[in-house]
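Heads up: the protein sequence lines correspond to chains A and B, in order.
Count along the first sequence from 1, add 2, and you get the number used in the numbering used here.
Count along the second sequence from 1, add 55, and you get the number used in the numbering used here.
Keep in mind that the hints were calculated from the coordinates and are not lab data.
It cannot be assumed that every hint is accurate.
Calculated cross-link-like contacts (lysine-lysine; reagent style DSSO-like; alpha-carbon spacing at most 30 Å) [unchecked claim]:
1) A:LYS69 - B:LYS134
2) A:LYS21 - B:LYS100
3) B:LYS100 - A:LYS69
4) A:LYS43 - B:LYS153
5) B:LYS57 - A:LYS42
6) A:LYS24 - B:LYS97
7) A:LYS21 - B:LYS134
8) A:LYS11 - A:LYS24
9) B:LYS153 - A:LYS38
10) B:LYS97 - A:LYS42
11) A:LYS54 - B:LYS134
12) B:LYS100 - B:LYS153
13) A:LYS21 - B:LYS97
14) A:LYS43 - B:LYS57
15) B:LYS153 - A:LYS42
16) A:LYS24 - B:LYS134
17) A:LYS73 - B:LYS134
18) A:LYS43 - B:LYS100
19) B:LYS97 - A:LYS69
20) A:LYS54 - B:LYS100
21) B:LYS153 - A:LYS21
22) B:LYS134 - A:LYS43
Every beta carbon over 12 Å from chain A, so not counted as near; a handful from chain B, in silico [to be verified]:
23) GLU70
24) THR79
25) PHE156
This one's a predicted model, so the numbers in the text were calculated from it and none came from an experiment.
Ideal Cβ placement from N, Cα and C applies to all residues, glycine included.
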Amino acid sequence: DTAVSQTPKYLVTQMGNDKSIKCEQNLGHDTMYWYKQDSKKFLKIMFSYNNKELIINETVPNRFSPKSPDKAHLNLHINSLELGDSAVYFCASSQGMGGGQETQYFGPGTRLLVL
Amino acid sequence: RKEVEQDPGPFNVPEGATVAFNCTYSNSASQSFFWYRQDCRKEPKLLMSVYSSGNEDGRFTAQLNRASQYISLLIRDSKLSDSATYLCVVNPSGGYNKLIFGAGTRLAVHP
Numbered sequence: 003d004t005a006v007s008q009t010p011k012y013l014v015t016q017m018g019n020d021k022s023i024k025c026e027q028n029l030g031h032d033t034m035y036w037y038k039q040d041s042k043k044f045l046k047i048m049f050s051y052n053n054k055e056l057i058i059n060e061t062v063p064n065r066f067s068p069k070s071p072d073k074a075h076l077n078l079h080i081n082s083l084e085l086g087d088s089a090v091y092f093c094a095s096s097q098g099m100g101g102g103q104e105t106q107y108f109g110p111g112t113r114l115l116v117l
Numbered sequence: 056r057k058e059v060e061q062d063p064g065p066f067n068v069p070e071g072a073t074v075a076f077n078c079t080y081s082n083s084a085s086q087s088f089f090w091y092r093q094d095c096r097k098e099p100k101l102l103m104s105v106y107s108s109g110n111e112d113g114r115f116t117a118q119l120n121r122a123s124q125y126i127s128l129l130i131r132d133s134k135l136s137d138s139a140t141y142l143c144v145v146n147p148s149g150g151y152n153k154l155i156f157g158a159g160t161r162l163a164v165h166p
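Let's have the full structure, built from the sequences with the hints guiding it.
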């Protein structure tokens with residue numbers, strides 16, 4: 003069974019469109035994350051939610067809006083897509099948010115290409 | 056200066072070789088350290104945590120030098136299946152689980 007799943011796996015769209023990526027985890031974890039991995043392979047955190055509450059917001063343009071309907075789901079909605087948004091977006095989860103030693107489990111990624 | 060810096064490689068080594076990767080981090084207050092592995096077009100997966108006393112997991116040994124802000128990973132007896140990108144990861148605070156990833160070091164093990 004998949005622990006952290008994301009849909010869609012691939013997303014090709016035009017500039018200016020609005021799109022959403024969904025993430026679900028069945029690990030019973032309290033904390034979920036969104037990361038962006040750009041063409042240079044840097045993986046950077048965007049957001050983190052703990053029990054549906056936003057706890058990390060890393061200076062991401064407000065075109066990106068995360069939503070956590072419950073602690074097992076964290077979705078990412080992107081408005082007015084730009085060429086620079088093309089990247090791989092990874093969702094992750096961890097048991098908790100503190101202590102610093104929490105293992106994060108990553109989803110398979112969503113490859114977004116903006117044309 | 057990047058928060059976490061790694062040599063991007065690639066490191067091309069024959070099977071059975073020993074290979075070492077290094078990583079430096081800029082925030083001296085960083086609390087937790089990890090090595091993650093990422094296969095081509097796959098998600099990152101935790102390889103091992105790095106403790107101040109150093110730790111070993113089979114063929115893998117990780118070391119931390121807080122004074123020099125330096126982390127290392129040693130892989131002994133390399134296997135073809137070790138071919139991947141190895142990501143050095145730092146949590147700069149003991150609070151929130153915010154991970155800072157290096158760009159990764161690519162390893163290619165050949166027969």
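Here is what the structure says about each hint:
1. A:LYS69 - B:LYS134: violated (42 Å)
2. A:LYS21 - B:LYS100: holds (27 Å)
3. B:LYS100 - A:LYS69: holds (25 Å)
4. A:LYS43 - B:LYS153: holds (18 Å)
5. B:LYS57 - A:LYS42: holds (14 Å)
6. A:LYS24 - B:LYS97: With a Cα-Cα distance of about 18 Å, the restraint between LYS24 of chain A and LYS97 of chain B holds, given a limit of 30 Å.
7. A:LYS21 - B:LYS134: violated (41 Å)
8. A:LYS11 - A:LYS24: holds (10 Å)
9. B:LYS153 - A:LYS38: holds (14 Å)
10. B:LYS97 - A:LYS42: Answer holds: LYS97 of chain B to LYS42 of chain A is near 15 Å, not above 30 Å.
11. A:LYS54 - B:LYS134: violated (42 Å)
12. B:LYS100 - B:LYS153: holds (16 Å)
13. A:LYS21 - B:LYS97: Roughly 22 Å between the alpha carbons, so the hint for LYS21 of chain A and LYS97 of chain B holds.
14. A:LYS43 - B:LYS57: The given pair, whose Cα atoms are some 14 Å apart, holds under the 30 Å limit.
15. B:LYS153 - A:LYS42: holds (20 Å)
16. A:LYS24 - B:LYS134: Measuring from Cα to Cα gives roughly 36 Å; hence the hint is violated.
17. A:LYS73 - B:LYS134: Outside the cut-off at roughly 39 Å; violated.
18. A:LYS43 - B:LYS100: holds (15 Å)
19. B:LYS97 - A:LYS69: Between LYS97 of chain B and LYS69 of chain A the Cα gap is close to 24 Å, so the pair holds against 30 Å.
20. A:LYS54 - B:LYS100: holds (24 Å)
21. B:LYS153 - A:LYS21: holds (26 Å)
22. B:LYS134 - A:LYS43: holds (24 Å)
23. GLU70: The claim holds: GLU70 of chain B sits with its nearest Cβ about 25 Å from chain A, beyond 12 Å.
24. THR79: Fine: 16 Å to the nearest Cβ keeps THR79 of chain B off the interface.
25. PHE156: Non-interface label on PHE156 of chain B violated, nearest chain A Cβ at 4 Å vs cutoff 12 Å.
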